[in-house]
Amino acid sequence: MGLMRTVLAALVVVAAGAAQDDERAYGFLDEHCLGCHSGRSPEGALSLERLEVEFGDDAAAGVWARLADRVERLEMPPPGEGRGPSADERHAFVTWIRDQLVARDPVGGAGPRRLARREYEATISDLFGMSYSLPESFPHDHSPHGFDNVASDLRASFPLVREVLEQATAIADRLFPPQRADVALESRTLVVAPAELEQPARLDDDLGRVRLTLFQNLVAAACAWPSRFDAPTSGRYRVTVEASAFMTAQAHVREAGTTRRLGLFARPSDDATITTLDGLRPLAELLVEGTDPQQLSADVVLYAGETVAFAWVDSPVYSVPGRHDLHRDVLVKRLEESPEFLAAWTAIGYEDRGTDGNIPVNDYYREFMALAESLPTGTRLQQRVLDMARREVLREAQGVRVLNVMRVEFTRFGPALDIHGVVIEGPLERIDDVDVLAAKRAAAALIGDRTDLDNDATLVAVVERFLPRAFRRPLEAATRDEYLALGRRAMEAGGRLEDGLHAVVRTALTSPRFLFRGLSGRQLDEHDLAARLSYFLTGGPPDDTLRSLAERGTLRPALGEQARRLLASPQSARFIDAFTAGWLGTERLHHIMPDGRLFDVERRDIDAMADEARAFFSTVLADDLPAITLIDPDFTFMNEGLARRVYGVGGVSGDDLQRVEVPRGGRIGGVLGMAAVMMATANGVDTQPVLRGVWVLDAVLGDRPGAPPEDVPALGSDTSGAVDVREQLARHRAATRCASCHTRIDPLGHVLENFDPVGRWRTHYPQLVTLDDGTTRVEPGAAVVARVTLADGTEIADVCDLKRYLVEHDERFVRALTGKLLTFATGRTMTHGDERVIADLVERVSVRDGGLRELIGEAVLSEVFATR
Amino acid sequence: MTTRRTFLRAAGASIALPMLASLGAARATPTPAKRLVCIGAFLGFHGPDFFPATTGRDIELPRILAPLARHRSRWTVFSGLDHRAPHGHHNWRNFLTGPSVAGASFDQLVAGQVGDRTRLASLQVTCGNASDDGQISFTPEALALPLIGRPTVLFETLFIPAATRARMRGHLASGGSVLDQVRHDAKRLEHQAGAEDAAVLDEFFTAVRGVEQDLQKRQAWLDRPAPVVDIAAPTFDPVAPALSLECESMMYDLIALALRTDTTRVVSFLLPGEGQVFTLDGEPMMTSYHGLSHHGYDPARMDGYARIGVEHTRRLATFLDALATTNDASGQPLLDTTVVLFGSGMGDAHRHANDKLPILVAGGGFDHGGHVAIPRSGPDDDAPRLGDLFLTLGRRLGVDLPHFAGATRSLDDRLRWA
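These protein sequences, in sequence, are chains A and B. Residue 425 in the working numbering sits at position 425 of the first sequence, with consecutive numbering throughout. Residue 174 in the working numbering sits at position 174 of the second sequence, with consecutive numbering throughout.
For the record, the hints were derived by calculation from the structure and aren't laboratory data. Please note that a few of the clues may not be correct.
[Claimed, not checked] Output of the computed footprint for chain A on chain B, the stretches with three or more beta carbons under 8 Å from beta carbons of chain A:
no., stretch
1, 40 to 46
2, 100 to 109
3, 150 to 159
4, 173 to 187
5, 234 to 241
6, 277 to 289
7, 329 to 343
Just so it is clear, the structure is predicted and the values come from calculations on it, not from any experiment. The beta carbon of each residue, even a glycine, is placed where N, CA and C say it ideally should be.
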C-alpha cells in the first residue's frame with residue numbers, strides 16, 4: 001500500500017498542492033474500491049491494488065478512465081451495498097482522475113486527413129462545376145468508427161494513389177480531350193421487324209406485330225424496344241414507326257376511341273437496373289389515329305449506347321404514382337359486363353396462391369378461363385360475389401394480378417396500340433453527350449476570358465486561379481513556378497494550350513496538397529479551418545465567402561455565424577446524409593435483406609426509413625430544437641408504406657414522406673425505436689440485443705465499449721425466442737471478465753426487444769413453423785420481456801421509460817451527440833481533453849436552453865474544432 | 001441482319017502469334033499449367049440437372065453436362081464443395097474469396113504471381129452491364145475489380161488501337177513527371193510538418209514509389225510488339241440483357257484469343273443473370289431468367305432454368321474446343337496448360353443458398369474424368385472445402401498457397417496430375 005502511494009505521488013506530475021489531492025484520491029480508492037477489487041480473485045477480475053498508476057501507460061489510463069465514468073454514473077461502488085461515497089467525494093475523485101487524463105491526453109492529436117470518397121467526389125464536382133462520381137474501382141473507405149471520414153482510417157496506400165492518378169488523368173482527359181481527326185459521319189438505316197422488338201410482357205408471338213396494352217410505371221410491363229440497336233455515337237436519329245390502333249366491338253374497348261399516344265423514351269441498351277419509367281428520358285410522342293397502319297416519324301437525340309423504348313402512354317389502364325389507377329374502373333365495368341369473367345375472377349381472387357408475383361400470365365389466364373366456364377352464373381350467390389369481388393378488386397394487394405388479367409384481356413380484345421415495324425436512321429448529326437457538354441463548359445470556365453492573352457499568359461492565369469482553389473490555400477511562389485514550368489513543358493511537347501492545362505490539372509489532382517487537408521499543423525490555420533468547416537457542414541470545399549474570410553484572417557471568430565449560414569444552404573443536405581448515415585448506422589440498411597417469410601417490408605419502405613431519419617434530424621436542426629428532441633420529440637416523418645407496414649399507424653397516405661404528430665414519451669418518435677435504427681442494429685432475420693445495446697451505449701450515451709476479448713465465442717443467432725438470448729447473456733454476464741461491459745450493454749439492448757428486426761412493435765417473438773406440405777407459417781412464440789435494470793441500478797420497464805430516463809439525464813445524451821458531431825467534423829475520436837471541452841460547452845448551451853443549431857455553432861468555436 | 005458474332009470464329013485462323021512463339025523453350029515435363037480461367041454463373045445451375053447421380057469415372061451425364069460430352073476426359077465435376085459461407089444473393093461475390101470477401105480472390109492471388117509475365121496481369125469479363133452485385137474478382141484490399149461487359153471494349157483492351165496506344169504511351173511517359181512534382185510537393189510539406197504528418201507523408205511516399213514502378217511496368221509492356229490479329233473489331237455489342245447469351249459466346253471467343261496471344265494468363269468471367277427473358281430456338285421463355293431460378297419446384301420452371309444451364313455449358317464446350325485445338329509454345333494443346341474453373345457461388349438459387357456449389361474443373365493437365373463427390377455430414381462439417389480445391393489448382397499453376405480462407409488440406413488426392 002505504502003509503496004503504491006509513493007509511486008503514485010512520484011509519477012503523477014501535477015500542480016502545487018496536488019500531492020494533497022493525490023492523497024485524498026487514494027483514500028477514496030482505499031475506502032470504497034479495494035474491499036472488492038483486491039486480493040487473489042478480485043471482483044470483475046480487476047485489481048486496483050496493483051494498478052499501475054502511471055497515467056502515461058495506455059492500459060492503466062484506460063482503467064482510470066473507466067473508474068471515473070463508473071463512479072460518476074453511480075454504477076460503482078455497486079448501488080445498495082453499504083455506505084457509498086458522498087456526492088462531494090465522488091466529484092473530487094472523478095475530477096482528480098480527469099485532470100490526470102486530460103494532462104496526458106489533451107485536445108487533438110490526429111494527422112492530416114485524406115479526402116474521403118464522398119468528399120473527393122464533392123470536391124471535383126465543386127472545383128469544375130460538373131457532376132462527378134468515382135468508379136467502383138476507386139477504393140472504398142472503411143469506417144470502423146461509424147463515420148467515413150476519420151483520419152486514421154483514411155490510408156494513402158499504393159492502390160489508392162494509383163487510382164488517384166488514374167482519376168486525375170481521366171478528369172484531365174475529360175476537360176481537355178485529345179485532338180481527334182474529324183471522322184466523317186456515317187449514317188445507317190436499321191429496319192427492325194416486330195420480332196426484333198424486345199417486349200418482356202409480350203403475351204402472344206403469333207400476332208406479327210408488337211401489341212402495347214397497359215401503361216405501367218414498370219419498364220418491362222409497359223415498353224417494347226429494339227434490343228439489337230444502340231446509338232453508336234451521340235446524335236440526332238430519325239425514328240419511323242408503323243403503328244395502328246387495335247380494338248374490337250366490346251363496350252369498354254369502344255370507349256377508348258381510336259386515337260392513341262405513342263411515347264418514345266431513351267433507354268440505355270445494356271441496362272438491367274432501370275426498372276421504372278421515371279428512370280427513362282422521354283424523347284417524343286406520336287399520335288396514332290385510326291385502325292389503319294400509318295407511318296409516323298420523329299427526330300430524337302440519342303446518346304451513345306441508348307436505344308428507343310416505345311409505350312402507349314394514354315392507355316386507359318395505367319399505374320403511375322400520383323395518377324388515378326384507371327384499371328380499377330375498367331375492371332369493375334368488365335366484371336359487370338361479363339358474369340363469367342366475374343365468377344372466375346372471384347374464384348381466383350379467393351384462392352390462396354401465396355405471395356409469388358411471378359405467376360406466368362398466360363398460364364394464369366388459361367386457368368382463369370377454365371374456372372370461369374365451370375362456375376354457375378346468374379344466381380343470387382353471384383350478386384353477393386359481385387359485391388365481394390368489387391371489394392377484392394379495390395384491394396391494393398391484388399393490383400399486380402388485376403393488371404396481369406387486364407393485360408390478357410387487352411391483348412385479346414383491345415384496346416391496344418400495335419407496332420408493325422420500326423426504322424431507325426442516323427446519326428443525322430453528331431451531338432455532344434451531356435457529359436461532354438458539361439466538360440466543355442467546365443474547361444471554358446477554367447480557362448476564363450482569353451481576350452488579349454496568348455497561350456503562355458493564359459496558362460499563368462489558370463495556374464494562379466485554379467491551384468489556390470484546388471489546394472484550398474494561397475499559392476506559394478515556388479509552387480506556382482514549378483507548376484508553370486510543368487505546364488509549359490507539356491505545352492511545348494504537345495503544341496496546344498490544352499496540353500499544358502492537362503498536365504497542370506492532372507498533377508494538382510494527384511498532389512498531397514489536394515488530397516490531404518489539415519497540413520498546416522496541430523493548430524489549424526485560417527485556411528484549414530475554412531476547409532474543416534466547409535467539409536463538415538457541406539461535404540465539399542470552402543466557397544468564396546469562406547475563402548475570402550480566411551484570406552483576410554478573420555474567419556476564426558466568425559465560425560459560428562458561418563456555420564449557421566452553411567446549415568441554411570442546400571449543400572447542408574450532404575452533411576445531414578453523411579452524419580445520420582454514420583451516427584445512426586443507416587448506411588448499413590442497403591446491405592440488409594429482411595426475411596420475406598417473416599416481414600412484409602419492401603425495399604421502398606427501407607428507403608423511406610432512411611428518409612425518415614434524415615427528415616427528422618433535418619427538422620430538429622432547421623427549427624433549432626433542443627438536442628434532446630432527437631430522443632423525445634412530438635413528431636416524426638412517415639409515408640403510407642412506413643406507417644402501415646412498419647409503425648402500424650393509420651391516417652397517412654401517399655408515397656411522400658410527411659410530418660406526423662406523435663405524443664411525447666410514446667413508443668414512436670426519436671432515434672430509439674426509429675425503424676432505420678432498429679433495422680440497422682439487427683440483421684433482417686432476428687434481433688441482436690448486444691448490437692443494439694452497443695449502439696445505444698455509444699451513439700446515445702457516449703460510452704464506447706471496447707472490443708470483446710478474442711477467445712469469447714459469439715452468441716449463436718436465435719430465432720426461436722428471447723428466453724434463450726436473455727439466458728445466454730445472463731450466463732455471459734456471470735463470467736466476471738465479460739460482466740464489466742455487458743452489464744452496461746445488455747440492458748440497453750433488451751429494453752428495445754419490443755422492436756423487431758425491421759422496427760415493428762412486437763409483444764411476442766415470431767416462430768416460423770414448417771407445415772407438412774413444406775410451406776411455412778409464422779406463429780407467435782415466446783413473449784418479449786423488455787424490463788431491465790441499468791448498470792446504475794435504475795429499473796426500466798420499456799422504451800418509453802428509457803426515453804424518460806434519458807430526458808432526465810439529457811446532459812449525457814447531448815455530450816454524446818456533441819462528441820459525435822465533433823468526431824465527424826474533426827475526423828478523430830475524442831480524447832479526454834476533448835471530452836472536457838465538450839462537457840463545458842454542453843453546459844453553456846444548456847444553460848441558455850439552446851437548440852441543435854446553436855450547439856453546432858458553439859462546437860465550431862471550440863478548441864476541439866480548431867485542433868487537428 | 002448478318003450474324004455479327006461469327007466474325008471472330010471466321011477470323012480465328014488468321015491470327016499471327018508472335019507472343020506465344022516467342023515464349024521460348026518449353027519447360028521440362030510435367031509442365032505446370034500456365035493459365036487460369038474462372039467462370040461463374042450468377043444464378044447458378046439447377047442442381048438435379050448438374051450433378052451426376054453416381055460418382056467415379058463412368059457416369060451418365062446429366063442434362064446440363066451433356067453438351068460437354070465430347071470433352072469428358074478433359075474435365076471433372078465436383079459435388080459437396082462450398083465455402084461454409086452465409087446464404088443470400090449478395091454473398092455470391094465470395095465465389096472466389098472464401099467465406100467472406102476479406103481479401104484477394106483466388107484468381108487475383110494467382111495473378112499476383114504470374115501476372116507480370118503478360119501485358120495484362122488479369123482480365124475481368126462479363127456480359128453487358130453488370131449491376132452492383134456483379135462482382136467476382138477482388139484485390140488484396142478486398143476491392144471489387146471492374147468487369148468489361150462490351151465485346152468492343154474488351155477487343156480494344158486486348159488489341160489496343162494505334163491512336164489509343166499512342167495516347168496511353170504519352171500518359172505513361174508523362175506520368176513520371178506528374179509523380180516527380182507530386183513528390184516534390186510532399187517533400188516541401190514534410191519540411192513544415194510535425195511527427196504526426198511525417199507518418200502520413202511517409203506512407204504517401206511509399207505509395208508514390210509503387211505507382212511509379214507500376215507505370216514503368218506498364219510502359220515496358222506497351223513498348224513490346226502487339227500481337228497481330230488480322231480481324232476487325234466487333235461492330236455490335238449485344239449488351240441488352242436479353243442478348244446476354246449471345247454476348248457470352250463473343251466473350252468466350254475473345255477470352256480464347258487473349259490466351260492464344262498471351263495477352264493475359266488469368267481471366268475471370270461472370271455470367272450475369274437478371275430479369276431478362278431469353279428467346280431460345282425462336283421461342284421466348286415463359287418468364288425471366290431470375291424468375292425461373294426461383295422455380296418454386298414448379299416442373300415447367302425447373303425445366304426452363306435447366307435449359308439456360310444447358311445454354312451456358314454449350315458455350316463452355318465451344319470454348320474448350322477452341323483451347324483444345326490450339327497449341328501453346330511448347331506444342332501442347334492450350335487446354336492442357338490452362339486450368340478452367342466453371343461453376344457458381346450459388347448452390348440453390350431458388351433458396352439463395354450458398355452451399356453445395358456446382359463446380360467443374362477442365363484442362364490444366366489433370367487426370368480428369370467423372371464425378372468427385374465430397375461426402376457431407378452437415379452444413380458445418382469438417383469435409384474439404386472449395387478453398388481446398390483452389391489450393392490444388394494453385395499448385396498446378398505453380399502458385400503454392402499454404403492455405404486459402406480457412407482451407408488447408410487441398411484436394412490433391414482427388415484431382416491428380418496427369
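Status of the hints after comparison with the structure:
1. A count of 0 residues in the stretch 40 to 46 of chain B with a Cβ less than 8 Å from any Cβ of chain A is obtained; the coverage claim is therefore unmet, three being the minimum.
2. For the stretch 100 to 109 of chain B, the proposed coverage by chain A is not satisfied: 0 residues have a C-beta within less than 8 Å of a C-beta in that chain, short of the threshold of three.
3. With 1 residues carrying a beta carbon less than 8 Å from a beta carbon of chain A, the stretch 150 to 159 of chain B misses the three-residue requirement, and the given coverage is violated.
4. For the stretch 173 to 187 of chain B, the assignment as covered by chain A holds, since 10 residues bring a beta-carbon within under 8 Å of that chain's beta-carbons and 3 suffice.
5. Check result for the stretch 234 to 241 of chain B against chain A: holds, 6 residues qualifying (beta carbon to beta carbon below 8 Å, three or more required).
6. Residues of the stretch 277 to 289 of chain B with a Cβ under 8 Å from some Cβ of chain A number 6, which satisfies the need for three, so the listed coverage holds.
7. For the stretch 329 to 343 of chain B, the stated coverage by chain A is violated: 0 residues have a C-beta nearer than 8 Å to a C-beta of that chain, whereas at least 3 were required.
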